[in-house]
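Throw the hints in and build the complete structure from the sequences for me.
Residue numbers (the working numbering), protein chains in the order written: chain A, 1 to 377; chain B, 1001 to 1312; chain C, 2001 to 2265.
The set of hints was computed from the structure by calculation and includes no laboratory data. Remember, predicted model here, so these are calculated numbers, not experimental data. Just so you know, not all the hints are guaranteed correct.
[To be verified] Okay, the calculated beta carbon distance ranges per label pair:
| # | chain 1 | residue 1 | chain 2 | residue 2 | range |
| --- | --- | --- | --- | --- | --- |
| 1 | B | L1045 | C | R2094 | 18 to 26 Å |
| 2 | B | V1136 | C | T2044 | 28 to 36 Å |
| 3 | B | S1129 | C | R2090 | 33 to 41 Å |
| 4 | B | L1164 | C | E2049 | 29 to 37 Å |
[Said to hold, decoys possible] With the C-beta cut set under 10 Å, the calculated list includes, among others, these residues of chain B facing chain C:
| # | residue |
| --- | --- |
| 5 | W1035 |
| 6 | L1210 |
| 7 | F1275 |
Note that CB positions come from ideal geometry on N, CA and C, so glycine has one too.
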Amino acid sequence: MAEPSLAADAKPWRDAAAKPFIRIKNITKKFGDFTAVDDVSLDIYKGELFCLLGGSGCGKSTLLRMLAGFETPTSGTIEIDGQDVASVAAFNRPTNMMFQSYALFPHMSVEKNVAYGLLREGVPKPEAMVRVADMLRLVKLDGFAKRKPHQLSGGQQQRVALARSLIKQPKLLLLDEPLGALDKKLREETQFELIRIQETLGVTFIVVTHDQEEAMTLSTRIGVMNDGKIVQVGEPPQIYEDPCSKYVADFIGSVNMFEGIVDAGVPDTLRIKSLEAGTELLVEPPQGLKIGQPVSVAIRPERIMLTREKPESPNVVYGEVEEVAYLGNVSTYRVKLENGKTLKVTKSNRLHDEEPIMWDEKVYLSWSKAAGIVLTE
Amino acid sequence: MTTLRSSSPWRLTASGLAKLGLNGRALVIAVPMIWLLVFFLIPFLVVLKISVAEPMIARPPYSPLFIEGQDGWSIKATLGNYAYLFEDSLYINAYLSSIKIAFFSTVFSLLIGYPMAYYIARSPEPKRSLLLILIVLPFWTSFLLRVYAWIGILKGKGVLNAFLLKLGVINEPLIIMQTDIAVYIGIVYTYLPFMILPLYANLVKLDDALLEASADLGAGPISTFFRITIPLSLPGIVAGSMLVFIPAIGEFVIPALLGGPDTLMIGKVLWTEFFSNRDWPVASAVAIAMLVLLVIPIMLLRLAQSKQGDSA
Amino acid sequence: MKRGLFLPVVSIFGFLFLYVPIVSLVIFSFNKSKLVTVWGGWSTKWYGELLNDPQILGAAWISLKIGVVSATLATVLGTIAAMVLTRFGRVRGRGLLTGMVTAPLVMPEVITGLSLLLLFVAMEASFGWPAGRGMLTIIIAHTTFCMAYVAVVVQSRLTDMDDAIEEAAADLGARPVRVFFDITLPMIAPALISGWLLSFTLSLDDLVIASFVSGPGASTLPMVIFSKVRLGVTPEINALATLIVVVVAVGISISWFFMRKRVKT
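Here you go:
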């Protein structure tokens, strides 16, 4: 078998000439008056591990179910590998799905669960059993073939569900909250296991999740959804560092937000007047802003420095520590500015030599021009 | 490997399948639908039709609704049978007496059933299942024979009188058989499980923390019971009560076996009208009138059941 | 505490109320005396008479045949109805079907019996089928009201079931019919069994509906019992009741045993 070229390395989405493997064009799904998915268009490339990220009710699961064929789009088209799948029933689609509840057949053994898809395809039983054994080895479940699902732990059930959905070597695997039912520690281990399996088989994965950390760890790209729309698509660092809207900035990680108005700019620096900050904010100037335009400036808590002495920095504000939470590797602070606004600050606990900043201390908060992200929507 | 079929022949099979699938679907829906239309809905229309016909000495013993005359078909309908129900006090009395008997039987069932359901719901697990099985068990034995058993107990020289006479509680045998009291006993006895099961299903879901919270906030056990337990179990109370009241209204076997000649119930009247008097139109009118009487209880039952989610 | 005593006392009284009639039936079935309430010593002669009564045996045989056929038909029809109501989404006539499936549960028997009889009479007058009344008409009547019970039992099982399990089978390439037989049917099997048993019991027990739609030569067991009982208490019937109690008790014990065994594994 040829080593599959990994989308994670090739990054085909950066190449305008690359041909998408899955094309979702203007898909809308309405349930009565309610629009679950609203005019979504999305290109996904072969071998990607694409995460659809959003809160509950944002339409991500509905989109996934339309790809699987369990829901029919109200309008729009879905192409998989050049084939329009609109009229293809779920049982004939080249996709498979791993369900949030795993949906294992309770009356069948692990082996029979995994073999089910192959047997429906008409694969002779001896061959099917060989492939089932291979697959169980891949998900590290050899030795559990004869067990019934209820005799397995949650983590083992999760792997049976994965094996069952992969056995037919689908062109596209859809995973609905694949790690949602596992506890935190197991979830972290399983994330890397999932990436390993995806890279071994080279199957394209679309994962639905509400967990932004999971999306960041797993995906080649993330599509953030809100109110039935895709609000931003990008690689994980891009989504985090360069969110396109207040919603995305706030949804991915934590953020401090200032409302303000664009003031004059000098080369390399843009001034933003902000009553909320009680001062002018200096940022690196993005394109296409007009003087007088209202904007928001987002600053990640870990980009803010806390010092007792006034530092040399383009942005400095003064406040009093209200709360400190020690989290082990980091501590988080809530600092109240003189004008009453509270900022979140994260500070790494690498340095032991320093006397830690405590409650009620007066501190300076400072950040670089590059730390401020200017958002217009 | 999933081979992707080339699109044109594939499309053909897909549409063919969709057509087949659709037909299969329609067929599946049609089977129970047609059965119930023919054997459940249409019969009511027939009853309705016969209730406006006139009794005749014929086979079948009623006048046709559509009559072929010189100038085509005409409809011949009469409300005479319904008017008759109001004219003869027998029917009015039977209705009122049915409502009275059904109502008091429901109240007695609730008074016995509620504590039992509460007791079962609060019992620890192995005991709870066992008690529940004991409630359901009589369902599986013949209803007719269980009602019959009461004859042996209640009659003049029956078990109950023998027992009470021996104890010296009474000097003369009690006359219970062939009275309304025997009918009450029979109805409560038969439908008590119908009262207990929905109540149990409701009470078993009652969160202990609510009772504790009420006690914590200073309410005594009695106050807690009336302010917390009863309001929360209201859907169960309504569902259980309607499950007793509705069949009690139309009951035939119990008044026929345990009641006396004075025991008037519509079910029995309908039976007599049909089998003894062979007056099909009046029997049909009685049936329609009984249905009208049951509309409100049936709607109450629906409401309670939808509030309770499942059960019953 | 007062409340602590009140509940068990009422419950004990309630259970006595439910079981004293059954126990008294069993005891007096062994009574030598024909006078049911006067104890004349132990005897099994009523069982002997019961087994030599061709009328009762014949009626029992008819009832059993009707019970098996109607329970089976009702299970098939009720399951289909439950599938349509839970799995077919918003099909046309869904409301009508829901109403017709649940209405027989609350319909007084006298009305069901009367309406079906009038239908059969009208049908025979119009196109000659069903010719006369007897086992066939009783089977149709019992199937109709039993299927409502089956539909309710199966429907609640189907609603409890995770939809994703059937979707998973479809996703792996199984067509709808295949999904039903591979996945749905095995999973709802317990509900089908209880639905069948419930239907069988209801059919065996029914007096009122059968009396309406039956014809000459098709007297069911309850009809024979009713006509005998109306004339007074007969120890033979006590013996019959005892046999039924024994069969039910054994049946319940067996299913109880299997259920416990199942829970353990």
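Item to complete: Note whether the CB distance of S1129 (chain B) and R2090 (chain C) lies within 33 to 41 Å or breaks it.
Response: About 38 Å separates the Cβ atoms of S1129 (chain B) and R2090 (chain C), which means 33 to 41 Å holds.
Discussion item. Please check whether L1210 (chain B) passes as an interface residue: C-beta within 10 Å of a C-beta belonging to chain C.
Written reply: violated (17 Å)
Practice prompt. Given the range 18 to 26 Å, decide if the beta-carbon distance of L1045 (chain B) to R2094 (chain C) lies inside it.
Written response: This hint holds: roughly 21 Å between Cβ atoms.
Worksheet item: Can we keep the W1035 (chain B) interface hint, with Cβ of chain C closer than 10 Å?
Response: holds (6 Å)
Fill in: CB-CB spacing for E2049 (chain C) and L1164 (chain B) relative to the 29 to 37 Å hint
About 31 Å separates the Cβ atoms of L1164 (chain B) and E2049 (chain C), which means 29 to 37 Å holds.
Worksheet entry | Given hint F1275 (chain B) near chain C, where the shortest CB pair must fall under 10 Å | holds (8 Å)
Worksheet entry | Consistency of beta-carbon spacing, T2044 (chain C) to V1136 (chain B), with hint 28 to 36 Å | Roughly 30 Å apart at Cβ, these two residues keep to the hinted range, so it holds.
Checked against the numbered hints given earlier, the structure breaks only hint 6 and satisfies all the rest.
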